[in-house]
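> Residue-level listing of the chains:
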Amino acid sequence: MQYSEKVMDHFMNPRNVGEIENADGIGTCGNPVCGDLMTFYIKIEPRTEDPDEARIADIRFKTFGCGAAIAVASMASEMAKGRTLTEISSMSRDDVANMLDGLPPVKMHCSNIGVQAIQEAVKDYLKKIGRDDLAGRIKGCPKKEN
Amino acid sequence: MQYSEKVMDHFMNPRNVGEIENADGIGTCGNPVCGDLMTFYIKIEPRTEDPDEARIADIRFKTFGCGAAIAVASMASEMAKGRTLTEISSMSRDDVANMLDGLPPVKMHCSNIGVQAIQEAVKDYLKKIGRDDLAGRIKGCPKKEN
Amino acid sequence: MSTEWNVYLDNNATTPTDPRVVEKMIPYFHEISANPSSIHGAGRRARDAVEEAREIISRLVNCRTEEVYFTSGGTEADNLAIKGTALSQNERKKIITSEIEHHAVLTTCEHMAKFGYEIVKTPVDQHGIVDLDFLSKSVDENTLLVSIMHANNEVGTIEPMGEITRVAHRHGAIVHTDAVQTTGKIPIDIDALGIDMLSLSGHKFYGPKGIGALVVRRGIRFEPLHHGGHHEKNKRAGTENVPGIVGLGKACDIALAEMASEEERIKAMRERLWAGIDHNVEDVRLNGHPQKRLANTLNVSVRYIEGESMLLNLDMHGIFASSGSACTSGSLEASHVLLAMGLPHELAHGSLRFSLGRFNKDEEIDHVIKVFPEIVRKLRAISPLYKDKSGRH
Amino acid sequence: MSTEWNVYLDNNATTPTDPRVVEKMIPYFHEISANPSSIHGAGRRARDAVEEAREIISRLVNCRTEEVYFTSGGTEADNLAIKGTALSQNERKKIITSEIEHHAVLTTCEHMAKFGYEIVKTPVDQHGIVDLDFLSKSVDENTLLVSIMHANNEVGTIEPMGEITRVAHRHGAIVHTDAVQTTGKIPIDIDALGIDMLSLSGHKFYGPKGIGALVVRRGIRFEPLHHGGHHEKNKRAGTENVPGIVGLGKACDIALAEMASEEERIKAMRERLWAGIDHNVEDVRLNGHPQKRLANTLNVSVRYIEGESMLLNLDMHGIFASSGSACTSGSLEASHVLLAMGLPHELAHGSLRFSLGRFNKDEEIDHVIKVFPEIVRKLRAISPLYKDKSGRH
Ligand SMILES: Cc1ncc(COP(=O)(O)O)c(C=O)c1O
Ligand SMILES: Cc1ncc(COP(=O)(O)O)c(C=O)c1O
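Protein chains in written order, with our numbering: chain A, 1 to 146; chain B, 1 to 146; chain C, 1 to 393; chain D, 1 to 393.
Simulated from the structure, these hints should not be mistaken for lab results.
A hint or two may mislead.
[Unchecked claim] Straight-line Cα separation of at most 27 Å, BS3-like style, residue types lysine-lysine; simulated pairs: (1) Lys235(D) x Lys94(C); (2) Lys43(B) x Lys114(D); (3) Lys121(C) x Lys93(C); (4) Lys114(D) x Lys233(C); (5) Lys114(C) x Lys235(D); (6) Lys114(D) x Lys235(C).
Can you build the whole structure from these sequences, using the hints too?
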């Protein structure tokens, strides 16, 4: 099992670590039983007329997990910043893995939950603003891992 | 599989090799199928009143066989020389093996046919002098090897 | 980050071969390289070397020379013990092992289940000691084999083999022990302990990789795993790995001479390492038995953070440790050993094994003590659990 | 008798490890000695070395890198191929092999008979070439495996693998070949030949003992023989023998570069040896195929005398040869290979194998040619068959 240089860079120097006080959305994926857990905090630049077009203004995370999990969280946070909620909802695990120049096969599924955790944060935001309808269309965490 | 020094000595310098013209008795044991075959030639110093007390005056052999077979034939020939026929008939394979400081286990049975071949030569002699009764009491070759 | 350090603390995964072992092996690659089965002089020299090594090994574990069968390592020895005894009979259909065995035993036992064997795994207490009551209740007339490791590779806990054999022999079961982690590290008297079969592996005690042995007491029947030529009294076919065997012999030789003093030296380093961690890092716990434990093994759980991320950070500082067994490092499951000892998943995931060895030095331990608290601090700073649970930060 | 000579002509039993191989291995004993399964930097260096070796091996036999599985040698590879394919399925119940296989294949096949497999042994002609008609008639929809060696270890005859695979694949049988004697000696293109599984062993071509490989083409299913950790993609558990693997890689590397020129050089020596024997000794015969034969192998029958006694005499002159395979040298049975080729027992018992190699020199051959006729004369002088059959003496 070997990590790419990009993974190692994000692992050793994770971007956007931390929390956001009074975050607009908070999302958590994973489970310490699996050995990986991450929580994202987002600040939203709102669009009242069309919430799907709102953007992620700021993003922070905390991670309990292996090297891959930390790198995934860091990379996913960078990728999400400035994106619209529509864009976030169509992001996939593979996008993150690709940006990291790949992940070891065993790490693909369990540790690669950054996108889902961010989507959970988005769902949280949408629910908070009363748009459960829109929240329902976003995937978020895989069931058994949450 | 390792031979004792005595085996190697008898193998490299076998005693009593050859044939005896007009031998009093000839005996063969073994079978090329097994990879071992030996023929003994004996000259007898007779005792007409008691043929069992006759002695082996001279003995020669020829051998097709492995190192053990050649050493066994040589050692058996030395042991037999000067012995009475009674003594010969009570000699055993183990006597030869012991005098050789042992034989490798795999060689104990197939190659250790020196005594039997000499006993066959003695039987041959006894039959020639009309004493099939005495010949019948001597063991000679194991059945399946002759 | 670049570092001058090269601190190898993964000696339970494998040890560097002792240079004295390598030196002893060298002539057997080229000068004395014949096949020990060949009858010529070159073959006989190789044979002599093999038999000399066998004799030294028998002294290390106190068995008869002819009870030593060479294998390619610990895994093969374990497989041969379990499958070999099973194949040699058809009466007893139960195999008892423990929950904390190495995969070489566990997976092999699980494989035997396909052939109609009932597999029973004895639980362990919080220190990793097998439950003798459970064992005692499980062993019966249907029990072929009790296979319990001598010491555990992850936490170092040493099992009470003498008591285990007593319980097993009451019902005529054969006792196998995976002594891969104890051979050469602590004294083994197979005779006094009543062990019937014992696995050992060269590369775990400064011998070469790719060589090991199964010791089988006289009278214990087993079938070979490798069929072929008449090697090892028809019990293990394959041209003998002469340099490996010679190296294994030398490793035993060195162990016989140095085991006691080394144990003391290594234990002192390990205690210092643990003290250094325990004093400088909050919320850590020691795994394994406090006393009945290999002198070189230190398994710690560091709360709120995960093992691999610690390992990778240590790696950046030139410190090589592991999180459990090397074989499962690619997997995502928490250590089955720690879980069996009752650790919650989260703590099991946050565990590290430092396993010390012959070539470690005091200043290396100092380096770890200096670097480790900082690593923990850094990882806890990004852990959602740390904040949740402690309220600090 | 004492001698200065040290003429090793038993290279089919095992070869001396090439000093270049040993040199390449040395750093992997101590400096780069970590477990390749470990995730730290030390482990990754070991892993890189293992994967580099795998790549070189794949080039030697023209397979994909990931099709190479390391084993402890040829015997284990043969066992893994046969037992592994059998264990992975439950439909086909026939295994076809040949009468002249190495015991690693023969005994393993015979072992499988206990598990309900029908074992068919293909006969060979007087040169040792398998009977393709017989094979063709034997292969059917029930045939799981056809295991036929690439070249025979006793006589050197090379089998028509391309035709064998064509016949076998017609009915969907898997083809395994024991290429222990051909790897590194003659070119192997597993792809062109259509072989599904191939066994090789390091110590037969100047690599180390205790290491080999089974090459398994993508898509061929097999079960492991050693259960345990996740090594070799779960197909062969046990800590990798890194120095052995590195050495095997280096042996392949050298073979790739030097195979062709070496074959020529060795063949010339062998032809000179045969001419020397044939001209100076009456009643000898060459065993094996006159052309389709390994360049290094010379198997001769010397009428009227027995093999071991010749060997021991050669040994006294510092010449190390063999009578058939090393594994059976302790047994009393005539070579099953020579008997299958139709030799009478007596001739089979009187056979010798000279197998030449990389480290043999011309003057060594001269020494044999000088000494051998005298040995034959001496033994014939005491042979009862010589007199009987020829009337001379
Ligand atoms: C307890 C234990 N048993 C068995 C093994 C397997 O030994 P090897 O790697 O030599 O096959 C190991 C180490 O890998 C071990 O620690
Ligand atoms: C044709 C053949 N197959 C298999 C083997 C077994 O190989 P190993 O001794 O490496 O187990 C040998 C040699 O011993 C051989 O010559």
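> Give a verdict on every hint.
Going down the list of hints, with the structure as the test:
Between Lys235(D) and Lys94(C) the CA atoms are separated by roughly 26 Å; this keeps the pair inside 27 Å, and the hint holds. About 56 Å separates the Cα atoms of Lys43(B) and Lys114(D), which puts this hinted pair outside 27 Å; it is violated. The straight-line distance between the Cα atoms of Lys121(C) and Lys93(C) is roughly 14 Å, inside the 27 Å bound, and the hint therefore holds. Proximity of Lys114(D) to Lys233(C) is assessed by CA-CA distance (about 21 Å); at most 27 Å being required, the pair is judged to hold.
Taken as a hint, the Lys114(C) and Lys235(D) pair is honoured in the structure, with Cα atoms around 17 Å apart against an allowance of 27 Å. Restraint check for Lys114(D) and Lys235(C): satisfied, since their Cα atoms lie roughly 17 Å apart, inside the 27 Å limit.
Checked against the numbered hints given earlier, the structure breaks only hint 2 and satisfies all the rest.
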